[in-house]
Amino acid sequence: MPTSELPQTSAWRRILGEHYRIIMGNRLSAVGFVFIVLFLVVAIFAPWLAPHDPWEMLYDQEGEFASLRPPSWEFPMGTTHLGYDLFSQLILATRTTLLIGAISGGISILIGANIGLIAGYYGGKVDEVLMRFTDVLYGMPFLPFIIVLISLFGRELEFVILAIVLIIWRTSARVIRAQTISIKQRQFIAAARARGCSHLRIIYRHILPNVLPLLLLYAAFNIAWSIITEASASFLGFGDGETISWGGMLYELWLSGKTRVAWWWFTAPSLCIVLLVTSLVFVSRAYEEVANPRLRKR
Amino acid sequence: MTGERLLQVQDLTVRYQTQMGETHAVSGVTFFVNKNEVFGIAGESGCGKSTLIRALMRLLPDNAKMSAQSIEYEGEELTRLSEAKFREKILWARMSLVPQSAMNSLNPVYRVGDQVVEAIQAHKNVSKSEARERVTELFDIVGLQPDLMKNFPHEFSGGMRQRAMIAMSLALDPGLVVMDEPTTGLDVLVQERILRRIREIRSQISSSIILITHDIAVIAEMSDRIAVMYGGQIMEQAPANDLFDTPCHPYTLGLKNAFPSIRNLQQKLISIPGSPPTLLGAPSSCPFLERCPFCVQQCSQRNPENITIQPLHEVRCVRHGEAPLLREKASEKETWRSLN
Amino acid sequence: MALLELNNVTKHFEVRQGVLQKLQRQPVSLIKAVQSVNLTLGENEVLGIAGESGCGKSTTCLMIAGMLQPSAGEIHFSGKRVDQLLASEQAWYRRQVQMIFQDPYESLNPRFRVLETVAEGPRALKLWPEKEILERSVDMLSSVGLPPAKYAERYPHELSGGERQRVGIASALVMEPRMVVADEPLSMLDVSIRAGILDLLKDLASKRHFSCVYVSHDLSILGHIADRLMIMYLGQAVEMGPTWEVIRNPQHPYTRALINAVPVPDPRVIRPVPTIRGEVSRPINPPPGCRFAPRCPHATTVCQQAFLQLQPDENKPHQTACVRLEELSQTNQLAEASP
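Residue numbers (the numbering used here), protein chains in the order written: chain X, 1 to 298; chain R, 299 to 638; chain P, 639 to 977.
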């Protein structure tokens, strides 16, 4: 029978469709997804959406210096003590936060997944070496590490990302290694060996698709953790010096000494952090149900 | 074979609520077991035999609903008993179960003897030493050395563990023991010894046995009477000799063809094409319809009734009258060619 | 020349030692899974290897398929030595020998569609251009009775056990092997569909000219598919010969016991009581000599010292690894009622 008669579905469409179904299948995850998309849109169009320059000292309509104004029509999220518009700051900070979160999360899951797959599949010496390395990093405390790094090299974006990545990838490596080990022992892997597949082919073509739900789950976690980590670092003054992030906004608030007074100043960034991280966790829950079929409704 | 009735089940149905709807795992099953008898239930995966047994023992999961016209045990109507009363009076004391893969359900951290003692004490008010004595007796019955009581399950072989489970099931001298695939997964020689031992203890204990298995040969050797299940219903039931001499149901005929015998190496094995039905909704046609080479229009219109063609021999097939003809045709390979 | 030859093949596994044992410098225990086995397989022949659990049949079949290396001995395929292949030669051997696995629910990758599973072998070894691989895979699906239009795009969880096993067979045979090693392919399938898969295998074996090593514990099935039969006990080959010969006229006490123990689907048959005692043990540090001796009713001191190694011989097809065989048959002591 000629192969042209086989039903043809584009592979990409099929894959995207599957993921769409997973995410939308769960009400919480669907809501979370909507929020994530919202934040993404804001992040992408940030420069066009922000009404003011975030570092511009503003004057209100009556010409008065707009310092420490609570939310109003003019300044939807209020202003800082220096007259900066918090709404604009928030919008631009969204871009920074999401960027750092996505990059750090993405890199860390890439590293963690590969290390987990390779350690889990090859076992023996390779596994031992890789896991010792991971264990060493487990012992590394984050805060002192980032303090040292930043103090040495300066408040650059790259170092912030580097520090986050180095800490975050550990857990995903361990988890993916565990699942690789259990998948490796299943009969279809022996069958793949029997058909003549090389080790690399087995890892990336046979095992990876089965680890994927778990991987995506931890990808979402990694992004969430990266965001929180970045916010913590920025709050302590170790964030990137050039751009503003949600954590950075909180840092500025703390520096100003007006924490008790300006409730609007910390509400907005904090809420955003909580909202984004929670959304990511909800979406990842949808993948967890796929990774662990026992969680699915019968 | 006119013994007294020990167990009489009438019109038992078990329904499961699933995402796809309501499946009728067991539909309208009616059978009886006499005293001192081995009743075999034969069937393949998905036929409902394990569900049937769990329904009898009230061990069904939450999403299952059981209904029956009557379940009488030694004259007592069991359907009227509450769950609690059933557990107290019937389960283990008068009807016991050796579940599938029972040998794997021993707790690995406790000694085997202690586990049986515990099971006895949970149901009967006896002292530990009395219970231990009973366990020694039981081990003897099933052919295990009494000093094995102090061993742990991992020190027992598969066959020995299975025998320990059988011993546990006999602990309270029940009138009925149900064994679900007692020798599946065991080596041939081990299986042989266990089956032989079961046959031997029939005279020692006065329990009847319901034996469930997919192995037609084991059922043939062990049972006095046999029921063949398919799609949640009993398709045919008869005394063992009758079932093998004059089978009537097309499924029984198909099974006979498909099952190899070491004594008949020239037999042409013929398989039954297709796969078991999904059992959604109450049966509105014969469950064997799609795989049956002898089906006629009537078969698709409603579920066939259970007809008694000879004393103790019942069949659920509209063409039961033509049994000799069906038997002849069933032995030809052409008859079973794929029905697509 | 035989297609496959095993000469004195042995496989030992080391039992992992705990720290305490290592500190005490205790000698490592060995699981002697397979001990000095000789066998041959001809062209277009089905050799059945039978035995209970722990007899070494699965280990033997993994060695034949090249998935496990023998500890000692040689394996020759088509005259070429194949037990110590370099990585580069392994690809060649994969084309010659393929395996069919036991568990249809575990031997298919749940994330691969049926067609992808079948095409995976040729793709991994780059046997043909992609278009040809797809065509051959589609053809293979038809050959195993799975119409491609209906089955090619399905996932394993949408298939029944029998259908999955057919996919497994297709993915092995698409490589066009000259020899297929089947490890209990029917034991997890329903009885009513086993015969269909068996027929399929026999049919394809004759059409596509491959030989088969069929490993099973089920003597009834082996009686229907194997041309020759080899019985193993605790790592040793105890009897071999033409299937019907071995089953109808078993010589070794273990074979006799085994055949007498197989239940028969006939309520009127009464089988004789086997006279062997004890249980099968694990082959850890076994004594020299016949490993069946501890359970054999006819064992003497001679049996415990050395065991007879079966050597395939065209002139003597039915062989038994019992040193006392002649003596016992002369005095008619082997008269357990035969089937």
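It should be emphasised that the hints constitute simulated quantities derived from the structure, not laboratory data.
Hints are not guaranteed to be accurate.
[Unchecked claim] Calculated pairs, SDA-like style, for lysine to any residue (alpha carbon to alpha carbon, straight line, at most 20 angstroms):
| no. | chain 1 | residue 1 | chain 2 | residue 2 |
| --- | --- | --- | --- | --- |
| 1 | R | K566 | R | K627 |
| 2 | R | K566 | P | E883 |
| 3 | R | K554 | P | E883 |
| 4 | R | K566 | P | D856 |
| 5 | P | K764 | X | E158 |
| 6 | P | K788 | R | K627 |
Structure-based check of all given hints:
1. For the given pair, R:K566 sits about 14 angstroms from R:K627 by alpha-carbon distance, which is consistent with the 20 angstroms threshold.
2. For the hint linking R:K566 to P:E883, the alpha-carbon distance of about 19 angstroms falls within 20 angstroms, and the restraint holds.
3. At roughly 25 angstroms between alpha-carbon atoms, R:K554 and P:E883 are farther apart than 20 angstroms, so this suggested pair is violated.
4. A C-alpha spacing of about 17 angstroms is found between R:K566 and P:D856, which places the hinted pair at or below 20 angstroms, so the restraint holds.
5. Under the criterion of a C-alpha separation no larger than 20 angstroms, the hint pairing P:K764 with X:E158 is inconsistent with the structure, at around 42 angstroms.
6. Proximity of P:K788 to R:K627 is assessed by CA-CA distance (about 31 angstroms); at most 20 angstroms being required, the pair is judged violated.
Checked against the numbered hints above, the structure breaks hints 3, 5, 6 and satisfies the rest.
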